[in-house]
Each structure stands twice: as C-alpha cells, then as structure tokens.
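In order, the protein sequence lines correspond to chains A and B.
Whatever position you read off the first sequence (first residue = 1), add 2 for our numbering.
Whatever position you read off the second sequence (first residue = 1), add 439 for our numbering.
Only true hints are included.
Each pair of labels, with its calculated beta carbon distance range: (1) B/454 - A/39: 48 to 54 angstroms; (2) A/260 - B/619: 34 to 40 angstroms; (3) B/454 - A/52: 58 to 64 angstroms.
What the hints contain is simulated information worked out from the structure, not anything from laboratory work.
Keep in mind the model is a prediction, meaning the values are calculated, not measured.
Ideal placement from N, C-alpha and C gives every residue a C-beta, glycine not left out.
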Amino acid sequence: MKFPKPRRILLYILLILFAFAFVLPFWTGFTTSLKTKRDVIYTTPVEPPPSLTLEPWIEAFNIMEKPLFNSLIFTLLATIFSCIIGSINGYVLSKIRFKGSDLVFLFFSIGIFIPYQTVLIPLVLTMSRLRLYNTIEGLILAHTAYGIPICTLLFRNSYKEIPDSLIMAAKTDGAGTWAIYRRILLPLSSAPFVVAGVFQFTSIWNDFLFGLVLARGSEALPASVALANLKGTTTAFWNVQMAGALWYALPVIIVYLILGKYLVKGYMAGAVKG
Amino acid sequence: MTAVLILLPSVLLVGYFVYASIGWNVVVSLSNWEGLEPRYGIVGFPRYAELLNDPVFWISLKNNLLLILLFVPSSILLGLFLAILLDVKVRAEGVFRTVYLLPFALSFVITASLWAWMYDPEVGVLNILLENVGLGFLKSGWVTDSSIAMYCVILALTWQFSGYTMLVFLAGLRSIPESQVMAAEVDGAYGFSLYRRIMIPQLKSSVLAVFVILMVFALKGFDFIYILTGGGPGYSTFVLPLEMFRETFSMTHFAYGAAIATVLFVIVMLIVVPYLYMSSRRREE
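Please model the entire structure based on the sequences and the hints provided.
So, in structure tokens, the structure goes:
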C-alpha cells in the first residue's frame, strides 16, 4: 500500500510507542522480581536492579512449587482428554451425515459461551457428591467436560476442509466408521491437534475460577490460586509477587513464543477465555 | 446410528455439566438454601425480589454496563487502529504482533498482578514514573480511589484485549481482495482515507464477532477484577460475577447467588443466541 515517507516514520514511531506501552508492565514486573526489598523501594520501577538478586524467584518457587506441579498435571491430562474427544466429535459432525447433526453442533456451541457462574453451584455439589471436591481428578473432569464444546468446534472446522471424496473412496473399499477415522482423518490431524492442544493448554493453565471454587486451600491447589493467595498476603512483598507471577507465566510464554501461530488459529475460531 | 452412539458420551457430559447444571442452578435460585448444607425447599421467586432491593446488585449491574459502554468500544477502536498501522507492510510486523498479543495469551491472574503493581499508590510504577518526569501532580490513588477505580480496571483490560481485536481485524483487512484495494487506489483513495472509505466498511462481520465476544466477557469476566480490586474500594468495582461469588461462597447465600447467576445467564444468552442464529443463517446463504 502507498504511504509517503514522512508518514512511514510517524507510523514506526507509533508502533514502537505502543510496543513500549504493552511491554511496560512486563518489564517493571521483571526488574522488580530481581530486586531486593530495599531496592524495590529506593529505585524507580523501570530501572534495572542495582544489585541483582535471585532471592525473590527462589522464595516464590518454594511457595509455588507444588501448585505449579498440580497445574501441570491437570492441564496436560485435561488437554489430552478434551482434544481426543473433540477430534472424534469433530469427525462425526463433519463427515457422517445424520439427521439433527446441526442441532447437536449448536448444542455444543452454546456451551462455549455460557457464563460459568451459572454452573458453579451445581458443579461444586456434583464434585462433592462424586468425592472429587478438592482433588486433581475433579479439576481434570471439570476442565475436560467444559473443554469439549470448543474442541469439537475446532476439530469440526478443520475436518470440513478434508475432501469428502477421500471418505467416499475409503467407504467403497469397505472401511468402517472407525477405520476411516484411523486411516484417513487421524493422519491428517496433526495441525488441528496442535491448534486445539495449544488452545486448551493455555486456557486450562490460565484458569482461575474453577481452581478457586473446586480446590481452594487444598492439596490440589492450582498455580493460579496460589499466585492470587500470594498477592493477598502481606508477607510476600512486590518482588516475590512479581517473581511468582513470572514463574506462573513461564510455560504459557514459552508455548506462545514457540507455537503462537497455532494459538492464534484457536483465538480466531471465535473462542475467548473467561 | 453409529454417529449417535459415538457422540453419546459427549452429549451426556455436556448435557449434564452445561444444560442440566443450568437447570439445577435455576432450581436453587427458587429455593431457600442458605448455609453450607445443601438442604432446601422450593419457595418461588423471593430471591429475585430481594435482588431488586439490593443496592450492591444495582452497583454491579451498573459496572457491567460501564464495561460494555467503555471497555468494549475502547478495545475495538485501539485494536482497529493497531491493525491499520500493521496492515501497510511494516518491517518486523511479526515482532509487533507478538508483543501486542502477549497480554491476551496470559492468565488474568498474572495481568491483574502486574497491574496491581502498576497502580500501587506508594511504590507502584505509575506514581513513581509520573513523579520522575515532573508530572507529580497527576499522582493518584488509582485502584484505591473509588471514584476512578473502575476506569483503572477498564484501562488495564483494554491493554489486555486490544491485541486480540487487532488480530481479528488484521485478518479481516488481509482477506479483502487485492483488486478492490487497487481499484480504490486508482480512484485516488489514499492512506487512512482508503481505510475509512473502502476497507473498514468491509470489516462488518469481524467487528460484529468481536463485539459479541467482548460484550460477553464484559458481563462474565471475574478473575481480573477479583484479583486487582476484589470489588473495592467499598463496592465501587463490583460486577455481577463478583457479587454472585461473594454471596454464594463467602456468605453461603446459595439461593441468592444462584438467582444472580440466572440473571447473568439470561443477559448473556440475549446477546449470544441471536448472534449464533444470525451467523448460522449467514453460513447457509
């Protein structure tokens, strides 16, 4: 597109100013996490630490170690389960024609948008009746169940791109429903599995609400709730809080930098967390 | 037949955890359940009547409206602006995109912690920076000042969501056929006027999608405000999800919390169902 030169310079200045504004909270959080309590008070938040210390990172890790491990376990398992289920559902809804398939799809789609507040009380009651309240298993079940709608959507949209002629050809060769899935769909599924997997991993890892109502103050405490607790205490000063936030952010930042391209595809599918 | 059998477990899971649970929540909202033990009888609509006389409910609803009226348009406008800046074949576009979208990828617990540090009145980033650049008179209590706390929340949320709206709009701009853009350029449309006259009008469907998604977030968003302000100071940043959580889990007014959740559900569905209906109609055309 045509843009005269002076305007181009203005354009870059704007882009860079915005980049600073977007980075500022991360940068000051990072510098603060490397400062002693004294330096946090006596230096400005944006300047690098005069004397580098890793104390806050160690202190935060000691508090967050178990919760980070908990989060890793339930996030990975719920991601795997919801993706497998979503893949099978996506296959059925895109490649097998049956009456009411659009209705079933709508039935799942609405599940993406519901405000979770509406199901919190029944969810707590269900989990305590199943004796899964305050357990990792309970978190896995909840995140898997509520992940089915979005995973189904992601896989269905992706499988729609696979030509029906391939399915027809396999059918005439006498392949059954499962054989078609295994031999045709699954080998073509690495992209949607990465998209849905990255999307689910980040959403479940980032979740706070389910962790708060299902596992607060228990052995199964997720990292998000542990970090929120850290903020609530007066003993953890800003440097420890920021180090804790960065520990918790680390896995998602790594995934975002390496697989961001796929995460973006998940976002574009019209899904939003919260 | 096989199709139905394969889908059955998922339909049952979603049916139970989504649909039956919504119904169960409605039942709880019609009950007299207070206290930790789930023992209750159906009493009808008194909880909903109480809502109408609860000042915190009205404050919360007002703040949700404020989010819809300010946070949604500000995120859309900033995202659109960033998308236009990036659309003109910028060098290092990927770097800028990655930076702008990063806040959106992270948990609200992290972004709220970072903004708590930005807004801290004593040692936090904004006040110290203002003082150091000679703008000390602009120093403020930020989220501890009840008259502006809600606006601080809106500013921080705009920061977190603008990368997302940028992403959607950039994809929308890129899907406009090159030939159309070139034809407009031949006609003398140029720079930002090209965007205003030719390209932005074509973003209608992306704007609508983002609009619905942000409105739903403005209604159901909980984590960020819960951590940044906890609804305070006083009730100045309470929103419906916070009020629902406080009544239910802090005060064990389960029936009352369920009533708030039902109201929230109805409002969200009034936005989502017409949208899903419209977009499924459009796909058929």
